[in-house]
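Engineer: One-letter residues, chain by chain:
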Amino acid sequence: MSEVVQNLFWILVFPGFLFTVGLGLLASWIVRKVSALVQHRVGPPMLQPVYDVIKLLGKETLIPEAGQRATFMFSPLIGFSAVLLLSTMLWRISFVPASPFVGDIIVAIYLMVIPSLALILGSSASASPQASMGTAREMKLVVAYELPLVLAFLVVIIKTAGAVGDGRQLSLAAIAEHAPVLSISGMIAFLSALLCVQAKLGFVPFDIAEAETELASGVLIEYSGALLAMWTLMQGVMLVALPLFLVVAFLGGFGSGAWGILAGAGKYVLVLVLIILIKNTNPRVRIDQAMRFFWFWCGTAAVVAVALAILGNLFSIGWL
Amino acid sequence: MKTVKINQPVIPVGPLHPLQEEMECFRLTVDGETVTDIDMRISYNHRGIEGISQSLQFDQVPLLVSRICGICSASHPLAYVQAVEEIADVKLPDRARYVRTIVAELERIHSHVLWLGLAGHFIGYDTVFMWAWKYREPVLDMLEAITGNRNNYGNLLIGGCREDISDDLIPKMLTDLDEIEKKMDMLIKAVTDDPVIHARLKGVGVLTKEDAVRFAVTGPTARGSGVDIDVRHDDAYAAYDELDWSVCAVPEGDVFAKAVVRLLEVLEAIKIIRQAVKKLPKGPVKTNVKDIPPGEGTGRAEAPRGETFHYVRSDGGNRPVRHKARAPSYVNVPSFKASCIGQKLADVTITLAAVDPCYSCTERLAVVDKRTDEVLYDYNMLLKLSREKTEEIRRHA
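For the record, the sequence lines run as chains A and B.
Okay, so the first sequence: first residue is 945 according to the working numbering, each after it adds one.
Okay, so the second sequence: first residue is 334 according to the working numbering, each after it adds one.
The shape of chain A in the complex, shown without the other chains:
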């Protein structure tokens, strides 16, 4: 019984739902505040993302008459729960590496795709020309960045296999113990994955599906009230889950003890700041440019990284 209660606490309070949502709102405040500082602005107060969500919850939720009602309403929920599950998994790995629940990296990669798919589902159910344009762009973007992203994680798997031997290389707990970023192939893979995460988060230069000044927030244009609040929360939690996944996969995750947690938090903030800086020093690219970038540049880089990692394993060269 006590185990059930403990698991429920894990899922609902710490480090699951409440903690992650709170951290997500904090992360979106950090994004806004650091962006403001880069742009010589003052920026919002710390609780602004909370106020935004509360205000959205109080607003009327409009559902387009021509849209698919159920799909339109449920897709934010699907995206939100997927990303919440991902972050709970990652927290579990980070805080209790020896726990009986062993999530593997393939589950995590699948869970990472679901928010984008939910966004596509929801926006295509909204029967708006801007949203359909945004949907088309989001689909192309997913197709573009998934390949280099999976290749980048393949590098992590190969490096882990080289370190712990076959059998455990897919386990997130084993992956979290190593930092592939300290090798050449790992570094290349980390940078490719970072750019893919930038696109997953829908941040400039890859905010093509929302593209405020072209499509008036594209995929989200028909969403309002509580449903938009759900998307906002989802994006907040993604700000926690995706950089955290990079930390776990590439940067060696959280160590043990207080210092480990502190070091892990430091790595997370580092990845978040990198993302914010990329966001603030680039214009939005066109969808064809984004596809060429991910397939040609990121894809090639990731293939090279995979080859280097395999060579490194074959000849037992750790830094390759």
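If you're looking for bench data, these hints aren't it; they were derived computationally from the structure.
A partial selection of chain A residues facing chain B, derived with a Cβ cut-off under 10 angstroms: (1) Arg1081; (2) Val1148; (3) Thr1157.
Glycine included, C-beta positions come from ideal geometry on N, C-alpha and C.
Let chain A serve as the given structure and place chain B on it in line with the hints.
Structural biologist: Frame of chain A, contents of chain B only:
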């Protein structure tokens, strides 16, 4: 106006859209990401400026026309007062001509930098947006020091300027100009050297020289297509013919070329202001104009967006009997037909913004019967009505 076929997807940019702060509507017919047709609709906010102007006295009108556009609030009154001065054959004091030049060029700097920021925002580069607007502030402060206002300066009178530039201000203006020039250099380098900006703006929304001439575009839109027209040079007013400066024209015709023209003009404007401040003649800044005799006059001024044209007719009374204003965006906006069709949607939005369109000053009115789609009052009809009214006023005069 053209009816768009229903079976083609149409992406509306407007009437209210984050791309532009004003009301306008571009209905983009798209095939995938490619724009195949564009339908332009303006005049959501008709204010009847010309009608109001004809009910005001000659010396009240500059304050009205400075409100045609908040950003061109020196150019419209400048064109208007030049038209009235032509009727009354006013000999301007030298100092007034220089002060007018300084205010007009400060306006050009602040308008071009404002555009640069907005263009950054339109392609999602908000850092450029905020930085540009931050560095625009000292220019607005200088305008405020001279005229008392950041915008809507109300500094132009028939026969001179309302506010003079005090001698105490001149040394500070010169040091501020150096400071502004340094920041502009930095900003211009940051923007023109950025490879991602090149990827987004080069070869995008090309308006060829032939099209530029065909659509009779003006200002940076024309000069970005290699048409080196500039009223300041071709029909010099104020003190432009006594200062050393050059017309900036770039042949490419794409959005990047239009940006380059504007950025070069910012540097050129700083050069003009510095010379004008140094050469500022002594003497009064206004003459007293007593009466406006019957007659008609035209005034042109190179606003930041292109040529502003005003026509004024007087019957010898104290108000204009006909006042016609033509803002540069009125001729620049139709050129979208040539520059936008065949482009990607993402490129079209920045192309729409690249002429630096200003809608409130471009508003025209058409009255349509909704049931029959019959145009009750179109442009020609209104022109006819306006002429009839002029005839009537003449008869009474």
